[in-house]
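Taken in sequence, the protein lines are chains F and G. Count the first sequence with this note's numbering and you get residues 1 to 430, in order. Count the second sequence with this note's numbering and you get residues 1 to 430, in order.
Certain hints may be false.
As the list claims (entries may be wrong) - Now the stretches of chain F that chain G is said to cover, found in silico as 3 or more residues with beta-carbon under 8 Å:
#1 134–140
#2 145–151
#3 220–233
#4 273–283
#5 306–317
Honestly, the hints are just simulated from the structure, not real lab data. Quick reminder that beta carbons are idealized off the backbone N, C-alpha and C, glycines included.
Here is how the chains run, residue by residue.
Protein chains: 2
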Amino acid sequence: MNTLRIGMAGCGTVGGGVWRHLAPHAELLRQRTGKDIAITKVAVRTPAKAQAVGVPADRITTDWRSLASDPDIDVVVELMGGTKEARELIAASLKAGKHVVTANKALLAECGAELFEAARRAQRQLLFEASVAGGIPIIKSLREGLIANRILSVHGIINGTCNYILTRMTGQGLEYAEALAEAKAGGYAEADESLDVDGHDAAHKAAILASLAYGFWVEPDQLYVEGIRNVERRDIDFARKLGYELKLLAIIKMDERQAVEVRVHPTLIPRTHVLASVSGVFNAISVHGDVVGETLFYGRGAGADATASAVLGDIAEIAAHPEYRKCKAPETACLNAKVKTMDEVVSRYYLRLDIVDRPGVLAKVAAVLGAHAIGISSVIQPEVHANTSVPLILMLHDAQEKQFQAARREIEALDVVKGPAVVLRVEDFA
Amino acid sequence: MNTLRIGMAGCGTVGGGVWRHLAPHAELLRQRTGKDIAITKVAVRTPAKAQAVGVPADRITTDWRSLASDPDIDVVVELMGGTKEARELIAASLKAGKHVVTANKALLAECGAELFEAARRAQRQLLFEASVAGGIPIIKSLREGLIANRILSVHGIINGTCNYILTRMTGQGLEYAEALAEAKAGGYAEADESLDVDGHDAAHKAAILASLAYGFWVEPDQLYVEGIRNVERRDIDFARKLGYELKLLAIIKMDERQAVEVRVHPTLIPRTHVLASVSGVFNAISVHGDVVGETLFYGRGAGADATASAVLGDIAEIAAHPEYRKCKAPETACLNAKVKTMDEVVSRYYLRLDIVDRPGVLAKVAAVLGAHAIGISSVIQPEVHANTSVPLILMLHDAQEKQFQAARREIEALDVVKGPAVVLRVEDFA
């Protein structure tokens, strides 16, 4: 029997894409892997959904648990989403000796350590290329292509919805709410946008990237996550005048003392860096390795097609090489690594204040920063023809978050400063 | 014995890099692959060269042939360059049951079909990640990550020397000769620059990428190759006014009738495309797959470090998975594919003429193009305050090369046109 038999759980956007693309690529995959690949069972809550993409009625089941125990299935492809049932299905499938392919970033971020340990015990593959950055083969590149490198840092634009919204705010001068409405109308944002715009989706992916880079799972509460909901167009405009573009960036780094930081927040990137030119729904991940230097991977990070490419690639990997591959992270732990708190992180900052238009204000602000040993690299105070308040924008040199926040609070308390400060972190890739 | 024993032929820039990076990464690679990796023999013409990077005298040999027959070597790493001896070494090593890693693009472009057939017969791995785009894992991504895709096109900036020269001409307004001199002074160009600037190095890499995309080897004389030696700064300037950047681009495409084109030439790229922002010595390869859409891979394409990352990655791959991996191209042939002649290729064109400044000239030029059914998409005729000749720049719609060249010859023969036309091809990624 030279057929790899797939049981697929879930037949929504991604599952439908996998089903649609498999048939026209079956011959190609047979040539390339030496195996026929057939989806023999599809488990869905609503059979009509699977029938709508052309799955024959006799391959549809509503009992997802049956995939794990079905002796006629070699690989379980988990595309249900959610974490509770997906976790149960993956664990049971591995235990029953099946390989597993999943796109479930939330589940891996939450239970990755447990599930990869289950795969190791079962000596079965647990592949997850589709969980980060859709069709971009970033997982394979980190695990295999760059295997001879210590990873110094990973910087990723890994949420297409946020990048679309920020791109429209930048290019079309829209405010956040307008760009969000447009993204929803265009199908680039979910009806409930919070998973994307509040940064949680990017944080799940960042946890997976961190596990690949450093070989251990960062706990969800060890990640710093800040979304784009409060971004104002005028800060994008001021930043551009200073030579920066605003992106929701996932930043993963290890310092010389093996202290790791994993954070997701709106970030100013120098316009000259390739990441600054990644626009619309595209994703890109820059990986800095100690041997290779900087590399960057770019492509569509979501959608039925790009994600199907990654899922089918994982299935083909198993078809060609069904043996268990002990392969780098997440199995290799950096045993001495610790995770930094946000207070310990060092960054540059963009600080916008609303100030009273009166002599001596800049001196007062600069004095506070000076007292906290935070240097100023540039200042913009645009001409404003109104008599209430004026914006003052400061670009700051490297400072520790704790020091910076202390200075920020003191500055906000000055009587010449009105309302809260706007803070954006700056990444110079130095 | 849990050590993978490497015999390395050549200890120049790349070999020296591999030697230097292995020791500090030995423990990391052991964790990640489960094996110790040791370079047990280094074959060099001049022992002092290997001693200079720290190879102990007892591991140095001047007899490269001995690597193939040495029973204490598991993997031969061929970094000698050249094609005659390298071909003999690789063939003999495979035949003797050793895996082979090579960075030799010229050799693969010339003898790839024969060497991969030898690897298949011997059931040994022949890995070559370092042969294209240095540290960027493009070979692995094409063979494995994007395995579920038909490759529609590959566009690559794959010669760092040319990209450096063109970047300096663009950014600093240098002429070709000045930028070349600067590249030589900075170590970005060889003393004999012709392999790079005449496009041959890029053509070797294009042949390898084409073999991965389409599963067969294009004969060297089936590639169209044009270098950057004749590029003038003013054409870069005119192109920028039209919204394009000039790059030496390798273009690999298959059309619906399985006709393949493989060409390397100076190419105008729309400024909005990510490839246009790839500057300096960096390389980037855009791959368009029928499922995944557009992806792009970016990084350092040359140099001891980036190339060592790829060589060590291939060695680690063998350490982790020594079994022969039948894997996609180049072993899978598109049996019906044929290679287009340049005459059959369809492209857009940039055409610069020196014309006599007299009424009716544009009409005459346009009439010739019209007679060949070639449309004009835009025209620039800059104001020139001299009374000899003036430049006329035309951007043309899609035309077949044969038609275009016929029109070009007629235009050059017009009495109002002085001297030869300047022609640059334009890629719109449509």
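Violations among the numbered hints, reported as their numbers in ascending order: As far as the earlier hints go, only 3 is violated by this structure.
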